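Chemist: Produce the entire structure from the sequences given, and follow the hints as far as they go.
There are 2 protein chains.
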Amino acid sequence: MKFNLSQAEENYLKAIYSIGIDTGKSVNTNQIALKMKTKASSVTDMVKKLSDKGLVEHKKYKGALVTSKGESVAVSTLRSHRLWECFLVDTLEFNWDEVHDIAEQLEHIKSDSLVDRLDQFLNFPSYDPHGDPIPDKNGVIKHHKNVMLSSVEVGASCIVIGVKDSSSSFLKFLDNASICLGKKIKVLKVEDFDQSMQLEIESKVITVSHQISKNLYVKK
Amino acid sequence: MKFNLSQAEENYLKAIYSIGIDTGKSVNTNQIALKMKTKASSVTDMVKKLSDKGLVEHKKYKGALVTSKGESVAVSTLRSHRLWECFLVDTLEFNWDEVHDIAEQLEHIKSDSLVDRLDQFLNFPSYDPHGDPIPDKNGVIKHHKNVMLSSVEVGASCIVIGVKDSSSSFLKFLDNASICLGKKIKVLKVEDFDQSMQLEIESKVITVSHQISKNLYVKK
DNA sequence: TAAAATTTTTAGACAAGTCTAAAAATATTT
DNA sequence: AAATATTTTTAGACTTGTCTAAAAATTTTA
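Going down the list, the protein sequences come from chains A and B. Heads up, the first sequence is in this note's numbering, so the first residue is 34 and it goes up one at a time. Heads up, the second sequence is in this note's numbering, so the first residue is 34 and it goes up one at a time.
No lab work stands behind these hints: they were computed from the structure. Please note: incorrect hints may appear among the correct ones.
As the list claims (entries may be wrong) - With a straight-line cut-off of 20 Å between C-alpha atoms, the simulated EDC-like cross-links for lysine to aspartate or glutamate are: (1) K237/B - D208/B; (2) K35/A - D169/A; (3) K170/A - E126/B; (4) K143/A - E131/B; (5) K197/A - D130/A; (6) K70/B - D55/B; (7) K143/B - E126/A; (8) K35/B - D134/A; (9) K143/A - D130/B; (10) K143/A - D134/B; (11) K219/A - D208/A; (12) K143/A - E137/B; (13) K95/B - D55/B; (14) K175/B - D149/B; (15) K68/A - D198/A; (16) K143/B - E131/A; (17) K143/A - E43/B; (18) K143/A - D55/B.
Stated by the list, open to error - Far from chain A, some chain B residues (derived; all Cβ distances over 10 Å): (19) T71; (20) K92; (21) S101; (22) V108; (23) Q138; (24) I194; (25) N209; (26) G215; (27) I239; (28) K252.
Small disclaimer: the values here were computed from a predicted structure and weren't measured. For each residue, glycine too, the CB sits at the ideal point set by N, CA and C.
Modeler: Shown next as structure tokens:
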């Protein structure tokens with residue numbers, strides 16, 4: 034399929050797609066505006082444009098959802114973004130908190146074969162440095178099961194498999210707490226008052242706020 | 034130095050810089066329009082804008098030249114472009130005729146350290162796949178001596194060190210004629226009528242037009 | 001050097017994407 | 001269900017980079 038979309042259009046599609054995946058429902062104008070750091074009126078304009086191009090389904094005052102065409106654009110942009118993140122961390126040795134903004138630019142490079150060659154060079158990785166799954170060439174993507182550390186019971190152990198927030202400040206906090214993908218965490222205690230958690234990580238005990246624990250994907 | 038330039042501004046600076054290097058004189062509006070594939074009126078607008086920002090020197094009706102600020106932008110864009118070309122050919126195994134348009138996009142990625150890390154990963158190459166010199170981190174660049182195959186005398190031999198034209202059609206022609214960087218060429222004969230040349234390449238004899246021979250940089 | 005040709009600039013328009021301010025629709029509260 | 005609050009859309013404006021058509025300046029030609 035050959036759309037010819039601007040970076041702005043691709044970014045809106047990514048936003049609408051990912052909010053849609055998270056919530057499962059039609060995506061509100063204000064939600065999109067929040068994610069895109071823009072104004073609701075700008076969102077209305079863009080959604081109308083994407084709707085005219087058959088990339089989103091939109092009913093006035095009722096929010097939007099990507100069509101299958103729109104989804105395929107969004108997924109291929111995600112694929113590009115995540116492969117570039119792998120390249121930046123694995124090949125160029127950036128830290129995982131430095132790559133988001135650069136990948137945000139690289140994902141929009143137009144080329145028939147660039148992303149596939151990159152995929153091959155990186156040896157077809159399944160996850161990016163933040164644990165997000167990388168769609169394959171056909172757009173097939175295995176989503177996280179969305180189990181957050183915050184929902185793990187006291188006494189149970191789990192393994193960190195991803196971060197929901199890729200902001201530099203969050204990732205730097207994790208670096209300091211020596212939390213990275215693959216780390217085993219045991220939940221020692223959950224504070225009733227603010228849901229802060231006491232954790233055991235490699236025989237050290239630390240306390241993290243709810244804000245932290247609800248942004249860490251875990252398994253088991 | 035921290036300018037914050039659009040891709041269009043960077044492209045105009047590159048064009049004005051490179052025409053200026055080639056000709057040594059002030060660069061005409063029409064020359065820029067030709068190189069940028071746009072209209073003279075658009076060039077006038079952009080040159081005015083770059084002049085307001087102190088990136089080019091412009092006198093009405095008299096053409097433009099980059100200032101030292103403008104030159105440093107142009108050179109760092111060239112550096113980025115050429116390093117990305119190396120990456121595409123050496124790392125991702127693109128053919129040299131496939132990389133120009135992709136590098137044209139990649140050169141505009143904004144990042145403080147991306148290009149330097151790429152340079153390191155590629156082991157600080159001196160030349161890109163078309164033989165163009167790569168400016169170092171400080172913008173120092175060793176220009177070609179501009180000796181073209183067309184100026185080599187009958188009976189003399191030389192080595193191909195670069196191509197002036199990076200178009201896919203020219204590069205494909207060279208591939209077919211098994212002319213690549215480093216190849217030794219002996220000039221057997223120059224036709225008076227059209228300056229076409231008879232060449233010996235690896236004991237095979239071929240004839241090339243003036244159009245070809247004046248687009249090949251050679252040494253010795 | 002005056003006329004003709006060319007080059008460059010100006011003037012006004014357009015598309016993309018954004019914004020503010022106000023109007024319209026929907027949702028919530030009482 | 002009416003009043004109030006919130007969300008969404010519309011209307012009009014601005015910026016960037018482009019264009020066409022026409023005017024102005026420069027260069028070439030005769």
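Chemist: Please go over all the hints and tell whether each is borne out by the structure.
Modeler: To see whether the hints hold, each was checked on the structure:
1. K237/B - D208/B: holds, 15 Å
2. K35/A - D169/A: holds, 18 Å
3. K170/A - E126/B: holds, 19 Å
4. K143/A - E131/B: Satisfied, since the Cα-Cα distance of roughly 13 Å is no more than 20 Å.
5. K197/A - D130/A: holds, 13 Å
6. K70/B - D55/B: holds, 18 Å
7. K143/B - E126/A: Holds: K143/B and E126/A sit about 17 Å apart, inside 20 Å.
8. K35/B - D134/A: holds, 18 Å
9. K143/A - D130/B: Cα-Cα ~16 Å, so holds.
10. K143/A - D134/B: holds, 9 Å
11. K219/A - D208/A: holds, 18 Å
12. K143/A - E137/B: holds, 10 Å
13. K95/B - D55/B: At roughly 18 Å apart (the allowed maximum being 20 Å), D55/B and K95/B satisfy the hint.
14. K175/B - D149/B: Given that 20 Å is the threshold and the Cα spacing comes to 18 Å, the pair holds.
15. K68/A - D198/A: This hinted pair holds, its Cα atoms lying about 12 Å apart.
16. K143/B - E131/A: Between K143/B and E131/A the Cα gap is close to 13 Å, so the pair holds against 20 Å.
17. K143/A - E43/B: At roughly 19 Å apart (the allowed maximum being 20 Å), E43/B and K143/A satisfy the hint.
18. K143/A - D55/B: Distance ~30 Å between K143/A and D55/B Cα, so the pair is violated.
19. T71: holds, 19 Å
20. K92: holds, 36 Å
21. S101: holds, 27 Å
22. V108: holds, 21 Å
23. Q138: violated, 5 Å
24. I194: Correct as stated: the minimum Cβ-Cβ distance to chain A is 27 Å, above 10 Å.
25. N209: Holds, since 22 Å exceeds 10 Å.
26. G215: G215/B is indeed farther than 10 Å from all Cβ atoms of chain A, at 25 Å.
27. I239: holds, 31 Å
28. K252: Non-interface label stands for K252/B: nearest chain A Cβ at 32 Å, farther than 10 Å.
In summary, the structure is inconsistent with hints 18, 23 from the numbered list given earlier, while agreeing with the others.
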